[in-house]
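If you're matching them up, the sequences are chains A and B in order. Here numbering that gives the first Met the number 0 is used: the first residue of the first sequence is 0, the next is one more, and so on. Here numbering that gives the first Met the number 0 is used: the first residue of the second sequence is 0, the next is one more, and so on.
These aren't lab readings, by the way, just hints derived from the structure by calculation. There may be inaccurate statements among the hints.
Calculated pairs, DSS-like style, for lysine-lysine (alpha carbon to alpha carbon, straight line, at most 27 Å) [to be verified]:
(1) 5(B) with 70(A)
(2) 84(B) with 63(A)
(3) 63(A) with 131(A)
(4) 189(A) with 119(A)
(5) 88(B) with 63(A)
(6) 45(A) with 151(A)
(7) 165(A) with 202(A)
(8) 202(A) with 189(A)
(9) 84(B) with 202(A)
(10) 155(A) with 131(A)
(11) 151(A) with 165(A)
(12) 165(A) with 45(A)
(13) 202(A) with 88(B)
(14) 70(A) with 158(B)
(15) 73(B) with 63(A)
(16) 119(A) with 70(A)
Anything over 12 Å on all C-beta distances counts as not near chain A; from chain B, calculated [to be verified]:
(17) 29
(18) 36
(19) 60
(20) 70
(21) 79
(22) 80
(23) 81
(24) 96
(25) 97
(26) 100
(27) 117
(28) 126
(29) 145
(30) 150
For each residue, glycine too, the CB sits at the ideal point set by N, CA and C.
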Amino acid sequence: MNLSIRGFLKAAALFALAACALAPAASLAQAATDTDQWIHIRVTSKDAKGEVVRINVPIEMAAKVLPAVNKDRLHDGKVRIDSAHMEDVDLHAILDAVRTAKDGEYVTVQSNENNVRVSKSNGVLYINVTDKEHAKKGAKGSEAAESKVEIKVPMKVVDALFSAGKDELDLVAALHALSAHGDTELITVKDAENDIHIWIDSKNAAE
Amino acid sequence: MLVLAKVALGLGATLAMTTAYVFHEGVIRVDVDEHHQGGSHVHFWVPATTVSAGMRLARLAPQHPLEQAAEQAKPYLPVLRTMAKELQKYPNAEFIDVTDEEQHVHIATMNGKLRIDVLGEDETVHVQVPVETLMDVADQLEDAGQNARAEDWHARHAKHSVAFASE
């Protein structure tokens, strides 16, 4: 073989090797983001500063990282509940009652201060709270707005959350249950100061 | 002439391979600009491989700086390691975006690199680190921590043996 061709082939082989070494490994991991569920938190402040906080976390990542955090009440992905604050309320018994009960409205409170509504429909627990007192206080000032909280939690997630035992909440199990549930709205809070929105979908960026 | 060509080819190939190795993990980039009179402007980039290599060298230092650092970072190492491992699965994603009147903070991954951007009225900071490097740093700190604990155990064991023998 001609020497110049051999040299060229050597150089080409070396550059091919170099190109392989330089190629990022990112393409191997690319597929992971396509089907994963993400938990999104968006907080929009209504004040003049106009703060906006957007947090997007893959549920799988949260489920893996949480057990690595051991601080205060959080350990192994579980949060210890102080039973002294439960005031002899058996949460598991209440949950069991809610789980086995038929769909419907369980709690409805309508007063001058608050409206509270707790209901269950198609395996999803809904909690709606409207704070009218907040609106009254606001009326004296410049803004008058009711404070509204809407919570929507699949019962499977609630079950998973309380699966650890009497005095613990299993956050990792709840995250796994959430991820299996698919796209869903979780919490919406609207008041005079902030809008808070927490939801789950398969997009890796907030809206 | 032919010998010279061969030497040149050899040198070129070595250079190409060295460059490929040095840059295979990517580049760590830091840009800091302070927007005021006399404010500092720091701009540098280093191949991420030098961090790994530097940490390996640090383990040979007599004062064991890496073992000390590992001991201090011990409570956070599991989180760092898990986070770095998980971040590898999300090479292009936005994680945190905070905007207010004075600042805009953005944390994301882009092409397998963790990017932290802080755009403020007073200063601008851009940091870019390959996720692979974070993983490497966490691994090396964990190894150094384990070594330190093993050495400590051996030292205590040896002291006990001496005490037992003298009795």
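Here is what the structure says about each hint:
1. 5(B) with 70(A): violated, 62 Å
2. 84(B) with 63(A): With Cα atoms ~10 Å apart, residue 84(B) and residue 63(A) stay inside 27 Å; holds.
3. 63(A) with 131(A): violated, 40 Å
4. 189(A) with 119(A): With a Cα-Cα distance of about 22 Å, the restraint between residue 189(A) and residue 119(A) holds, given a limit of 27 Å.
5. 88(B) with 63(A): holds, 12 Å
6. 45(A) with 151(A): Roughly 24 Å between the alpha carbons, so the hint for residue 45(A) and residue 151(A) holds.
7. 165(A) with 202(A): Violated, at about 35 Å.
8. 202(A) with 189(A): holds, 24 Å
9. 84(B) with 202(A): holds, 20 Å
10. 155(A) with 131(A): The hint is violated at about 32 Å.
11. 151(A) with 165(A): Given pair residue 151(A), residue 165(A) holds - Cα atoms ~23 Å apart, limit 27 Å.
12. 165(A) with 45(A): Judged against 27 Å, a Cα distance of about 40 Å means the pair is violated.
13. 202(A) with 88(B): holds, 15 Å
14. 70(A) with 158(B): violated, 34 Å
15. 73(B) with 63(A): Within the cut-off at roughly 18 Å; holds.
16. 119(A) with 70(A): Roughly 34 Å separates the two Cα atoms, so the pair is violated.
17. 29: Holds, because the least Cβ-Cβ distance between residue 29(B) and chain A comes to about 20 Å, which exceeds 12 Å.
18. 36: holds, 26 Å
19. 60: holds, 29 Å
20. 70: holds, 17 Å
21. 79: Answer for residue 79(B): violated, closest chain A Cβ roughly 9 Å.
22. 80: The assertion about residue 80(B) is violated, with a minimum of 8 Å to chain A.
23. 81: Non-interface label on residue 81(B) violated, nearest chain A Cβ at 5 Å vs cutoff 12 Å.
24. 96: Non-interface label on residue 96(B) violated, nearest chain A Cβ at 4 Å vs cutoff 12 Å.
25. 97: About 5 Å separates residue 97(B) from the closest Cβ of chain A, which leaves it inside 12 Å; violated.
26. 100: For residue 100(B), whose nearest Cβ neighbour in chain A is about 4 Å away, the distance does not exceed 12 Å, so it is violated.
27. 117: holds, 14 Å
28. 126: holds, 19 Å
29. 145: holds, 17 Å
30. 150: Holds, since 25 Å exceeds 12 Å.
The structure shown violates the earlier hints numbered 1, 3, 7, 10, 12, 14, 16, 21, 22, 23, 24, 25 and 26.
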